[in-house]
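Peer 1: One letter stands for each residue in the lines below.
Protein chains: 2
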Amino acid sequence: MASNGVCEAAASCRILCPKSARDLLDSVDVFLFDCDGVIWKGDQLIDGVPAALQVLRSMGKNLAFVTNNSTKSRKQYVDKFLGLGLSISEEEIFSSSFAAAMFLKMNNFPRDKKVYAVGEDGILEEMALAGFTCLGGTKDGGKQIEFKTNFKFEHDENVGAVVVGLDKYINYYKIQYATLCIRENPGCLFIATNCDAVGNLTDLQEWPGAGSMVGAICGSTQSEPIVVGKPSPFLMNFLRERFRIPTSRMCMVGDRLDTDILFGLNAGCKTLLVLSGVTTLPALQDPANNIHPDYYTNTVSDIINSLAI
Amino acid sequence: MASNGVCEAAASCRILCPKSARDLLDSVDVFLFDCDGVIWKGDQLIDGVPAALQVLRSMGKNLAFVTNNSTKSRKQYVDKFLGLGLSISEEEIFSSSFAAAMFLKMNNFPRDKKVYAVGEDGILEEMALAGFTCLGGTKDGGKQIEFKTNFKFEHDENVGAVVVGLDKYINYYKIQYATLCIRENPGCLFIATNCDAVGNLTDLQEWPGAGSMVGAICGSTQSEPIVVGKPSPFLMNFLRERFRIPTSRMCMVGDRLDTDILFGLNAGCKTLLVLSGVTTLPALQDPANNIHPDYYTNTVSDIINSLAI
Numbered sequence: 008m009a010s011n012g013v014c015e016a017a018a019s020c021r022i023l024c025p026k027s028a029r030d031l032l033d034s035v036d037v038f039l040f041d042c043d044g045v046i047w048k049g050d051q052l053i054d055g056v057p058a059a060l061q062v063l064r065s066m067g068k069n070l071a072f073v074t075n076n077s078t079k080s081r082k083q084y085v086d087k088f089l090g091l092g093l094s095i096s097e098e099e100i101f102s103s104s105f106a107a108a109m110f111l112k113m114n115n116f117p118r119d120k121k122v123y124a125v126g127e128d129g130i131l132e133e134m135a136l137a138g139f140t141c142l143g144g145t146k147d148g149g150k151q152i153e154f155k156t157n158f159k160f161e162h163d164e165n166v167g168a169v170v171v172g173l174d175k176y177i178n179y180y181k182i183q184y185a186t187l188c189i190r191e192n193p194g195c196l197f198i199a200t201n202c203d204a205v206g207n208l209t210d211l212q213e214w215p216g217a218g219s220m221v222g223a224i225c226g227s228t229q230s231e232p233i234v235v236g237k238p239s240p241f242l243m244n245f246l247r248e249r250f251r252i253p254t255s256r257m258c259m260v261g262d263r264l265d266t267d268i269l270f271g272l273n274a275g276c277k278t279l280l281v282l283s284g285v286t287t288l289p290a291l292q293d294p295a296n297n298i299h300p301d302y303y304t305n306t307v308s309d310i311i312n313s314l315a316i
Numbered sequence: 008m009a010s011n012g013v014c015e016a017a018a019s020c021r022i023l024c025p026k027s028a029r030d031l032l033d034s035v036d037v038f039l040f041d042c043d044g045v046i047w048k049g050d051q052l053i054d055g056v057p058a059a060l061q062v063l064r065s066m067g068k069n070l071a072f073v074t075n076n077s078t079k080s081r082k083q084y085v086d087k088f089l090g091l092g093l094s095i096s097e098e099e100i101f102s103s104s105f106a107a108a109m110f111l112k113m114n115n116f117p118r119d120k121k122v123y124a125v126g127e128d129g130i131l132e133e134m135a136l137a138g139f140t141c142l143g144g145t146k147d148g149g150k151q152i153e154f155k156t157n158f159k160f161e162h163d164e165n166v167g168a169v170v171v172g173l174d175k176y177i178n179y180y181k182i183q184y185a186t187l188c189i190r191e192n193p194g195c196l197f198i199a200t201n202c203d204a205v206g207n208l209t210d211l212q213e214w215p216g217a218g219s220m221v222g223a224i225c226g227s228t229q230s231e232p233i234v235v236g237k238p239s240p241f242l243m244n245f246l247r248e249r250f251r252i253p254t255s256r257m258c259m260v261g262d263r264l265d266t267d268i269l270f271g272l273n274a275g276c277k278t279l280l281v282l283s284g285v286t287t288l289p290a291l292q293d294p295a296n297n298i299h300p301d302y303y304t305n306t307v308s309d310i311i312n313s314l315a316i
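If you read the protein sequences in the order shown, they are chains H and F.
So in this note's numbering, spot 86 of the first sequence is number 93, and the numbers just go up one at a time.
So in this note's numbering, spot 233 of the second sequence is number 240, and the numbers just go up one at a time.
Next comes chain H alone, as it looks inside the complex (with noise of 0.2 Å):
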């Protein structure tokens, strides 16, 4: 670990040590953030996180926050970073939610067509900044069905595409509404916004994820979705052209092997597990463990703090 300040052999070592921090800032333009369990957990913001950012923008690094998260839009995020003292620009925010509208207009999704979200706010609002006419989500959340002899669940026909992602408000109006959709209206599209197991919701345990959605559909409709979040390419191409800059100089730094860091190997990114998430040391150094980023530390204020050695 970083903090017992022991470097082991150059080519084995993983732990980010001094040099190597200064190596990574050295070779590094843009850095991927993720957001749960690297810039905060929960409502709490991660010991050293403002500092750290501050010296990388000094330092004339580019930014970007890149969450499978899609509860919240990108305004929603510029106000959640506000609220824990960080001044960030919603360019620099690249969410799930954000992710699912481009993918639609990057493949020309019929203005008349309309989109079923299971999902909260984050879709709903990114959807409708895109131009994008959207169902469901919150507004489906107190929905219940009187099952009646003769009842019939109607469904809008002209949906073209279901979006999926966390949804605390899950039911099974949703679920039927989302099913219907997808097995019903001819090419209609099931896309997933990530398919996280569990995440922090609060700061003292993990929560289901879009995962637990994402199956729920794919249990009722035995199809697989296209995921547009980490780790698939289609958020990393997103990013790429926004930058223009090779992903060799882009460092993806998160807490999750199974997003953030495949996310960000997969590309050719270098790539910095951060401990202060969901996941632990000794699930990294599990034999069965098969994704190695490049390195890990404990935070994110460690890749600064070899500045001042």
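The hints are simulated quantities; they were obtained by calculation from the structure and are not laboratory data.
It cannot be assumed that every hint is accurate.
Same chains, same names: a pair is fine if it fits in one copy or spans any two.
[Said to hold, decoys possible] Think about it this way: if two alpha-carbon atoms lie no more than 25 Å apart in a straight line, the pair counts; the simulated SDA-like pairs of lysine to any residue are:
(1) 155 <-> 128
(2) 82 <-> 34
(3) 146 <-> 274
(4) 155 <-> 47
(5) 159 <-> 22
(6) 82 <-> 290
(7) 26 <-> 156
Starting from the known structure of chain H, fit chain F onto it as the hints suggest.
Peer 2: Leaving out everything else, chain F in the frame of chain H:
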């Protein structure tokens, strides 16, 4: 189809023609019937069922009703049959909720451990009848979570099994409860009553089945369940013990290829697909389908229609 009266060359004939129906009646002592799509559709009895069951009984055949629908207990099924004018005994009913309780009993599930149910009354009642303490289910149907700083969702550490079945009142509370038990209680079992994608909850359309709720819990726990309903061998072993008749003298009659017919085929039963439920003739004859029943026909009544010829 039986209705067009054509029986093709015997070797390739899979339609239940009068001759094959008579052969079936001669060679089978126990008829295992699925319910939804076979006996009824939603709240509508399928034509000719009462007469067919009566004739089978008069011929000395044993009948068993083997359903993956876990929302009802055996007692509730007796009431449903009665409401449709059919007198069936509780001992003739083998529901997946009952199978879940029997699985725990036969595996000596400790009496001081509890069961958490993502499901409806059927699971709760069968667990209580088997002497197990069962939490969740309908009791947690209306529960919501208020996300506050320092909020910790508490779960019972004595839950030793999570049983997941069809749950029309699925919510985030239950998903989190089940997820915490499976992820954090050492040795906690994850049992699925079944994994049916959809079912005829009403007579006009299909609705998400237990596969959806099981998918949600798989998605958040990244675990695979033990399945006790069709097509798993557990329920068949139980039926074999109960009737003490070789499976070659049993016939599974169902409307689903991937549960009913597979269940029968795996055990060496004779199998009869009825087209009165979810499977269409094109789906049966699709080259991609690799589950082939011994026979298929329109409805259960075709089994005894041959006797009148």
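Peer 1: All hints are to be evaluated individually against the structure, with a verdict given for each.
Peer 2: The hints, checked one at a time:
1. 155 <-> 128: Classified as between; 18 Å across copies, 31 Å inside a copy.
2. 82 <-> 34: Neither: 31 Å inside a chain and 70 Å across chains, both beyond 25 Å.
3. 146 <-> 274: neither (37 Å within a copy, 47 Å between copies)
4. 155 <-> 47: Answer is between; shortest inter-copy Cα gap is 15 Å, intra-copy 47 Å.
5. 159 <-> 22: neither (59 Å within a copy, 32 Å between copies)
6. 82 <-> 290: neither (34 Å within a copy, 47 Å between copies)
7. 26 <-> 156: Answer is neither; intra-copy 71 Å and inter-copy 38 Å both fail.
Against the hints set out earlier in the document, violations occur for numbers 2, 3, 5, 6 and 7.
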